[in-house]
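There are 2 protein chains.
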Amino acid sequence: MTAHQVQWLFLGLVAILTLSGLFGAAARRLGQPAVVGEILAGILIGPSLFGGAVADALLPADIRPALTALANLGLALFMFAIGYELRFAELRGRSGLAVRVSVFSVALPFVLGVLLALGIAGAHPVRSRAGFVLFLGAAMSVTAFPVLARILADRGLDRTRLGGVALAGAALSDLFAWGLLGLAVTVAGAAGQQRMLLVPVYLAVMSLGVRPLLKRVFAGADEHGVSPAMIGALLVALLLSCWATEWMGIHFIFGAFLLGAIAPRGGRRDLSTEVTGRFEAVSGLLLPAYFVLAATRVNLAEVGLSGIGELALILLTAVIGKFAGAYAGARVSAVPKLQSAALATLMNARGLTEIVILTVGLQLAVIDTQLYSLLVVMALVTTAMAGPVLQLLERRAGGDARRLGDFEYDHQSLGSVPRISSKTGM
Amino acid sequence: MTAHQVQWLFLGLVAILTLSGLFGAAARRLGQPAVVGEILAGILIGPSLFGGAVADALLPADIRPALTALANLGLALFMFAIGYELRFAELRGRSGLAVRVSVFSVALPFVLGVLLALGIAGAHPVRSRAGFVLFLGAAMSVTAFPVLARILADRGLDRTRLGGVALAGAALSDLFAWGLLGLAVTVAGAAGQQRMLLVPVYLAVMSLGVRPLLKRVFAGADEHGVSPAMIGALLVALLLSCWATEWMGIHFIFGAFLLGAIAPRGGRRDLSTEVTGRFEAVSGLLLPAYFVLAATRVNLAEVGLSGIGELALILLTAVIGKFAGAYAGARVSAVPKLQSAALATLMNARGLTEIVILTVGLQLAVIDTQLYSLLVVMALVTTAMAGPVLQLLERRAGGDARRLGDFEYDHQSLGSVPRISSKTGM
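Here the protein sequences line up with chains A and B, keeping their order. Residues 5 to 430 (the numbering used here) are what the first sequence spells out, left to right. Residues 5 to 430 (the numbering used here) are what the second sequence spells out, left to right.
Hints listed in this document are in silico derivations from the structure and should not be mistaken for laboratory results. All figures in this text were calculated on a predicted structure; none of them were measured in a lab. Don't take each hint at face value.
Where chains are identical, the list cannot tell them apart; a pair therefore holds if satisfied intra-copy or between any two copies.
[What the hints assert, rightly or not] As a list, the in silico SDA-like pairs of lysine to any residue whose alpha-carbon atoms are at most 25 angstroms apart: (1) 341 to 165; (2) 219 to 276; (3) 219 to 89; (4) 341 to 56; (5) 219 to 122; (6) 219 to 21; (7) 219 to 208; (8) 219 to 29; (9) 219 to 33; (10) 219 to 403; (11) 219 to 303; (12) 219 to 30; (13) 341 to 400; (14) 219 to 18; (15) 341 to 306.
Full structure from sequences and hints, please.
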């Protein structure tokens, strides 16, 4: 790196941190999650305005690779944390309801997304028609687990029954959506097809080799806490898993997510805060760079009149699919109408996760820039909707978050809270 | 970044983390600080063996800029922490002794280094003779504050009087050495000389603008703890300070160090662990990359017979200068002989800090690769010496670390422990 590049690296990071900090804080003041502001900041400095002159000035081309490297590292740590915080235990006792909500809230938008894709595929230069169709289906069926957790905490709903079901449902939906995305990426055949045949080998190595190995490394953590050597081993495993998935032509986020899902969480002692706490500082510094950089690829200037029609179609498909799907899943489980609507509103927030998925689609040329831009706007709108709609529902519940959050529903019908009936029910 | 580069970024980081982890652990098992192992790892994969084929294979040229960016970020955070952990309060009550130890332990090696530089300047292609001479003086007079803290903790000396004096002395020595390095860099005139005239303006802005501003940002930290917004503000200030110093043609480490020195430490509540704790995870991940990358620039293969003679000269100058200087400073303060020798041994460890300084010299072309290689070896040897020599001294003190660490000395002579006499004494 020349001295000039070093200077611009510092300035570029200052620009990203300042923009994401200010826009994130403004978003939170308006009752929105910070990521809404961060994405908006990226769009504003991107090519949509002034031909991207602002982004070119703040983040010159010759430091973009270094910034992207930093952002990718932040994303890998973040995706690890998402996988690591998947609490299968949380599903216990409400698995029936959560499974129904998530299956319905993934299936309907996926089907609608596929239909939409078949309709608009002709208007876009696509590399693989099947990959394109599957990708759009997957993109519609995403729920942003981390954003959802944030919204629940902000509104005091995180320790209510509604919050628990929403989180469990979102975690399951994420699993489905990642699976669909993996399928779409595979079908689109982005990289060497032969290498993808090694995916089962990779999965076997991860579950039969890496998982027990990490368990042994973390054996002493229950008693003596998490040591730097354990974190080091976890990091090496994370980077190797990222490399392996990237090498097979899948995206590294899958490798990071999977390692998070299989990493040891401790026995008597819960290690999650100790482990993710160390990564939070890194990803807190590097992740905003990812979202700002991702949003600078949005170009709303090239969206014409036809694009606006397409955006309306995409928004309708996304919102109706997700909302109706999740609502139906909850009603089938005999959840009251108001709470079913709240659940559906929460599941509709796509935030962060959608941006990650869209970036993968753009990088692998599964979608073009125009569609990417429209889908980012969709992610922004569906995420920003959640707060105001929830407020409306809260008012209808008597202005009390707990009355909205802690609903009663008939255990003997389809929905089943006790563990035993969840096995016999449905 | 292409998919290929992303893959190699992950593999490169795996290589660095694995190498630094294994060699660091091996060094610690041999009673050495981890940095000795990390530097050794870098030298072994560098051009000294097999023409650098190993480093080229593990860290390909097209990901070096991204790795260097990551390493630089880690270094900036690390230098901030060094500045932040400078405890001027620790000097209270032992300032007389610490000042004498540090002044002597900087002055003698500096003078010897200058003499050495005048002797060997003819054999090296130097950009600026005065800059070269000053740089070599500065490089000889460094003490590695962080390595010293590590050694003291490892040997159970950190809460003894010896440990306190050594730390305070090393902190002061670092201040002197950084000042000398700044002078050397300025004289060598690496970048636009006119911009350097702005250094007083920069210092004024930092102390009159940034310092009170950060104090106001951290006003609530005493009661409510350190918030993410405070950390964000601190990071932006850090990056801007790094940019400013780099832009003026000085190295960004000065900007990071200075910001650390003026950053608020809290009033009633000590914020240091909260603040540096968040950065430690980042720099713990990124800093090994810095040392490994720095050491891969060492080329011992091109050191000929004359080089070995020069290395012997450099080692003698460094060890005799530092050891005799610190010993004299302690003896003048009436510290017993054994403890004076222990202090001198500690001050002689140059570790981390020396590597940072040498890299600056190489980047600004103040020294050439051959001298860089020799000086890295010197840093390695002086650091590795400390452990065994201390063990020897401990054995002579009766095999007890506390008996070596907690010495008595005559307060009425030159050395002065109580606060009042430290103002009147000397």
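Right, here's what the structure says about each hint:
| no. | hint | result |
| --- | --- | --- |
| 1 | 341 to 165 | within (15 angstroms within a copy, 71 angstroms between copies) |
| 2 | 219 to 276 | within (14 angstroms within a copy, 33 angstroms between copies) |
| 3 | 219 to 89 | within (17 angstroms within a copy, 36 angstroms between copies) |
| 4 | 341 to 56 | neither (46 angstroms within a copy, 68 angstroms between copies) |
| 5 | 219 to 122 | neither (46 angstroms within a copy, 59 angstroms between copies) |
| 6 | 219 to 21 | between (36 angstroms within a copy, 20 angstroms between copies) |
| 7 | 219 to 208 | within (16 angstroms within a copy, 54 angstroms between copies) |
| 8 | 219 to 29 | between (39 angstroms within a copy, 21 angstroms between copies) |
| 9 | 219 to 33 | between (43 angstroms within a copy, 24 angstroms between copies) |
| 10 | 219 to 403 | neither (47 angstroms within a copy, 40 angstroms between copies) |
| 11 | 219 to 303 | neither (46 angstroms within a copy, 41 angstroms between copies) |
| 12 | 219 to 30 | between (43 angstroms within a copy, 23 angstroms between copies) |
| 13 | 341 to 400 | within (11 angstroms within a copy, 82 angstroms between copies) |
| 14 | 219 to 18 | between (39 angstroms within a copy, 20 angstroms between copies) |
| 15 | 341 to 306 | neither (42 angstroms within a copy, 79 angstroms between copies) |
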